[in-house]
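In the order they appear, the protein sequences are chains A and B.
Heads up: the first sequence is residues 231 to 710, going by my numbering.
Heads up: the second sequence is residues 374 to 623, going by my numbering.
Take the hints with a grain of salt, since some may be wrong.
Stated by the list, open to error - DSSO-like, lysine-lysine: derived pairs with alpha carbons at most 27 Å apart: (1) A:Lys494 to A:Lys612; (2) A:Lys683 to B:Lys498; (3) B:Lys473 to A:Lys654; (4) B:Lys473 to B:Lys524; (5) A:Lys654 to A:Lys606; (6) B:Lys498 to B:Lys467; (7) A:Lys395 to A:Lys272; (8) B:Lys524 to B:Lys467; (9) B:Lys524 to B:Lys555; (10) B:Lys524 to A:Lys683; (11) A:Lys683 to B:Lys467; (12) A:Lys654 to B:Lys555; (13) B:Lys524 to A:Lys654; (14) B:Lys498 to B:Lys473; (15) A:Lys494 to A:Lys552; (16) A:Lys683 to B:Lys473; (17) A:Lys395 to A:Lys370; (18) A:Lys395 to A:Lys427; (19) A:Lys494 to A:Lys683.
What the hints assert, rightly or not - Covered stretches of chain A, going by a simulated chain B footprint (3 or more residues, C-beta under 8 Å): (20) 628–640; (21) 661–667; (22) 670–682.
To be clear, the hints were calculated from the coordinates, so they are not data collected in a lab.
Quick reminder that beta carbons are idealized off the backbone N, C-alpha and C, glycines included.
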Amino acid sequence: MATEEMEQLVRREYKEGFVTDIESETLPPGLDEDVIAFISNKKGEPEWMLEWRLKAYRAWLKMTPPSWAHLDFPPIDYQAISYFSAPKRPEDRPQSLDEVDPKLLETYEKLGIPLHERAALAGVAVDAVFDSVSVTTTFKEKLAEAGVIFCSISEAVQEYPELVKQYLGTVVPQTDNYFAALNSAVFTDGSFVFVPKGVTCPMELSTYFRINAENTGQFERTLIICEEGAQVSYLEGCTAPMRDENQLHAAVVELVALDDAYIKYSTVQNWYPGDEDGKGGIYNFVTKRGDCRGDRSRISWTQVETGSAITWKYPSCVLRGKHSIGEFYSVAVTGGRQQADTGTKMIHIGEGSRSSIISKGISSGRSNQAYRGLVKIGPRAKGARNFTECDSLLIGDQCGAHTYPYQEIGNSTATVEHEATTSKIGDDQLFYCQSRGISEEDAVSMIVNGFCKDVFQELPMEFAVEAEALLRVTLEGSVG
Amino acid sequence: MLEVKDLHVSVEGNEILKGLSLTINAGEVHAIMGPNGSGKSTLSAVIAGREEYEVTSGSITYDGQDVLEMSVEERACAGLLLGFQYPVEIPGVKNIYLLKAALNAKREAQGLGEIPAPEFMKLIKEKAALMQMDASFLQRSVNEGFSGGEKKRNEILQMLVLEPRLAMLDEIDSGLDIDAMKVVSDGVNSLRSEERAILLVTHYQRLLDYIVPDRVHVLVDGRIAMSGDADLARELESRGYDWVLEESVA
Chain A
231 MATEEMEQLV RREYKEGFVT DIESETLPPG LDEDVIAFIS NKKGEPEWML
281 EWRLKAYRAW LKMTPPSWAH LDFPPIDYQA ISYFSAPKRP EDRPQSLDEV
331 DPKLLETYEK LGIPLHERAA LAGVAVDAVF DSVSVTTTFK EKLAEAGVIF
381 CSISEAVQEY PELVKQYLGT VVPQTDNYFA ALNSAVFTDG SFVFVPKGVT
431 CPMELSTYFR INAENTGQFE RTLIICEEGA QVSYLEGCTA PMRDENQLHA
481 AVVELVALDD AYIKYSTVQN WYPGDEDGKG GIYNFVTKRG DCRGDRSRIS
531 WTQVETGSAI TWKYPSCVLR GKHSIGEFYS VAVTGGRQQA DTGTKMIHIG
581 EGSRSSIISK GISSGRSNQA YRGLVKIGPR AKGARNFTEC DSLLIGDQCG
631 AHTYPYQEIG NSTATVEHEA TTSKIGDDQL FYCQSRGISE EDAVSMIVNG
681 FCKDVFQELP MEFAVEAEAL LRVTLEGSVG
Chain B
374 MLEVKDLHVS VEGNEILKGL SLTINAGEVH AIMGPNGSGK STLSAVIAGR
424 EEYEVTSGSI TYDGQDVLEM SVEERACAGL LLGFQYPVEI PGVKNIYLLK
474 AALNAKREAQ GLGEIPAPEF MKLIKEKAAL MQMDASFLQR SVNEGFSGGE
524 KKRNEILQML VLEPRLAMLD EIDSGLDIDA MKVVSDGVNS LRSEERAILL
574 VTHYQRLLDY IVPDRVHVLV DGRIAMSGDA DLARELESRG YDWVLEESVA
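Next up, chain B with everything else stripped away, as it sits in the complex:
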């Protein structure tokens, strides 16, 4: 589904990704782990189309399409969706309004008409209940005054409503207490399906106890230094990132 080949990315002249390659197939859950500053968040941001990141060489293809040629909104409408580590606040814009605009943008790209209001209300109530968010959340301004946990649940709510084909979740576990972690993980697990892939970016193994990945990649200094299955994450937890560094050099 997604093919990243020898990707080099710079921000303000500093090279962050230095030849990263990664293949993600439908139905798989991949976890990207790594120490701070290794370029974990950069990868998902580049796939989503963040402007500050300059791709100096390499390619990203999604279902045969050149992702780097697509605008940010085209990527989203095609099913590449990024869940933010720090979701921004948009004062005065109701949460429900953003959701509806996003869903309709996607439907328009698919040649469908706007979603009828009753259908939308039904859908959104059902998904909000799944994330244990009451109706008042939908009427509040986007992320404004939300707690850390509420913001993250809101990100997953958007995923549930927009049903991406590749859901990228950037440090979705940061700032979550154990109860919120459970709700968020349940939400992510409900997204798992044969047609959909999930890319988790995380610093800690803890999240992977809740969302068990098919593949784990360890990113060190802009490259994937090691790949494995869910066991790799556990090994990392006990041995630390330095171990990967030593292994990969050797």
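Chain A with its partners taken away, still in its complex shape:
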């Protein structure tokens, strides 16, 4: 039984009755095998894909939602969610910026988002939002020349079924966890990237180009494969707060790196965190995992998390290959009533595998944040090394920060280091900056950015600049 609050969160308007008509663009709320068949059919998927989804669904039915996280929210009624809806029709969207929440526009202004992009972000019905056609075309030509495939996952299932079949679910199996199982059953969107042997992707790939003016999917599925010696840098998300009709987001991201391959995956997540009481914010339950399958392969996760009402997210690396490298760099900022339980897992299987974890948590307002990290060294991981640094910064005295480090060491030749600090943003530091003429807000932003420097320097250049601006806007008014 869902509480009234949750019902409101997921309640949307639908036409009455179950519509099986293939012409229909939207399903009424509810989930069963017919719904999954409908989605699969709608996407023009082959039979094996439907079977794969159904296997996930049947497993999901027997599973229960995880309750170990340091999060507090009412139970979710999965039958109250609609699992397929076409993007909103233009006439249902705001017709101009005048109809958009002025607070949202104010934020765009502060972030320095160009005018013509603000409309797109706010979901305004605009035909040619930005000069996307020419950008996308040049972009596609360049990638094709290099042999890189970058398309939506739905397109990949149709165009490159063999690749999808070979890799999908091999990093995050359908039955991995409750939310991954749900995603496997009903995913409708996401990216597919394939970089062939020896190729360095000629540009940074960004969902920004691919998604364009469409709504982000509620159940995204992303699969990135780098063959031997291949390299790619992938950017997910956008610093601007995305307006989104969907409250529950359960994405799955799978990365596969073969011998000597390098995948760098950067995320800036700034979904709606809800109002001052935390109402209406997005629930973000994500499973992200990279498989360093080949020797000397390397996977690097960098994330800046400022949005969502609830975040449940642990980008992880399975270090299977000998001398493979896993990295996790994270900045998580929570304010208001936000709750975040985030961290990583580094599973060392291969000999000489190495991992580093740098996590920076900043809590303000009445928010709560937990870092949860597992470092597991398998019996064959001779000489494996891990370094973990996890620092928390508190602003004000009503917020909370918690650290849950787990270590399972199965090989005595391994080296595992863990450092953790918790500090309050010091009155002394603030006074020092202010006594140099710097305003309180600028001082907070300066101190916090300094605190996050180790992570920001891992971000691609333009992302790092945006991240600093984002932090600033997020922390506005958090002191005093």
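Fit chain B to the given chain A structure using the hints.
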């Protein structure tokens, strides 16, 4: 320039300053001396706007403006700048970045635009050389891992770049060896000008051999017990603070 009248200040209910009055004119260097616990550091902290200090009565005016009505950053931008006895460390924030932000904040308050990058680099290199700080200092995090002497030189560097009208230096001589004392004093002396006043807070006369003050005030138990010229500091050195106490009672 600065007029402090009958200032009473408390911290957590304890009265530290008990009716302090002081006038500082442009072009003057004043030294505040006194035994530990006499309230020396409190005076400069209150002028800079430190929050924990509660002004219970009295006034501070600066160029006719009520200082107590101004925010900490407004005071700084108006030209009241405090050099700290214990400068704080700010991990991850480059020294040069803090300097630039501070300078631009001041320029903005004056209605000027941001300083062009080449001009800023030239200015900062010149001032750093004066304080015998090499370029690597500017790239390090603010005060992080600095030695005592380096921190103090860094405080003076900020003064040289920000050019305050009233520079307040709180025990700038503490923890300095003789070489660093020379560098810091040279820096302070280069700040002396007709338009600028300097307020030195110090426990020892030694500093005043290097920076010769126009006026010396001895603070005892929250009040100025005695004022004089540079000779007063020397007399204090030989006779001790007890002498002032006896004199002022008598």
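| request: Take the C-alpha atoms of Lys524 (chain B) and Lys683 (chain A), compute the straight-line distance between them, and say whether it is at most 27 Å. | output: 22 Å, holds
| Would the pair Lys654 (chain A) and Lys555 (chain B) pass a check requiring their Cα atoms to be no farther apart than 27 Å? | With Cα atoms ~37 Å apart, Lys654 (chain A) and Lys555 (chain B) exceed 27 Å; violated.
| Given the hinted pair Lys683 (chain A) and Lys473 (chain B), is their alpha-carbon gap at most 27 Å? | Distance ~18 Å between Lys683 (chain A) and Lys473 (chain B) Cα, so the pair holds.
| Given hint Lys654 (chain A) paired with Lys473 (chain B) - CA-CA distance at most 27 Å | 25 Å, holds
| query | Is Lys494 (chain A) close enough to Lys612 (chain A), meaning Cα to Cα at most 27 Å? | reply | With Cα atoms ~25 Å apart, Lys494 (chain A) and Lys612 (chain A) stay inside 27 Å; holds.
| task | Given the hint that Lys524 (chain B) pairs with Lys467 (chain B), test it: the Cα-Cα distance must not exceed 27 Å. | result | OK: Lys524 (chain B) and Lys467 (chain B) at ~14 Å, within 27 Å.
| message | With the threshold set at 27 Å, check whether the alpha-carbon distance from Lys395 (chain A) to Lys370 (chain A) stays at or below it. | response | 24 Å, holds
| said: Lys683 (chain A) and Lys498 (chain B) were given as a pair; does the straight-line alpha-carbon distance stay at or below 27 Å? | reply: Measuring from Cα to Cα gives roughly 25 Å; hence the hint holds.
| task | Decide if the proposed pair is consistent with the structure: Lys395 (chain A) and Lys427 (chain A), CA atoms, cutoff 27 Å inclusive. | result | 19 Å, holds
| field | Pair hint outcome, Lys524 (chain B) versus Lys555 (chain B) [Cα-Cα no greater than 27 Å] | value | Distance of about 15 Å is within 27 Å: holds.
| request: For the pair we were handed, Lys683 (chain A) and Lys467 (chain B), check the Cα-Cα distance against 27 Å. | output: Judged against 27 Å, a Cα distance of about 10 Å means the pair holds.
| said: With the threshold set at 27 Å, check whether the alpha-carbon distance from Lys494 (chain A) to Lys683 (chain A) stays at or below it. | reply: Roughly 18 Å separates the two Cα atoms, so the pair holds.
The structure fails hints 5, 12, 20 (numbered hints given earlier, in ascending order).
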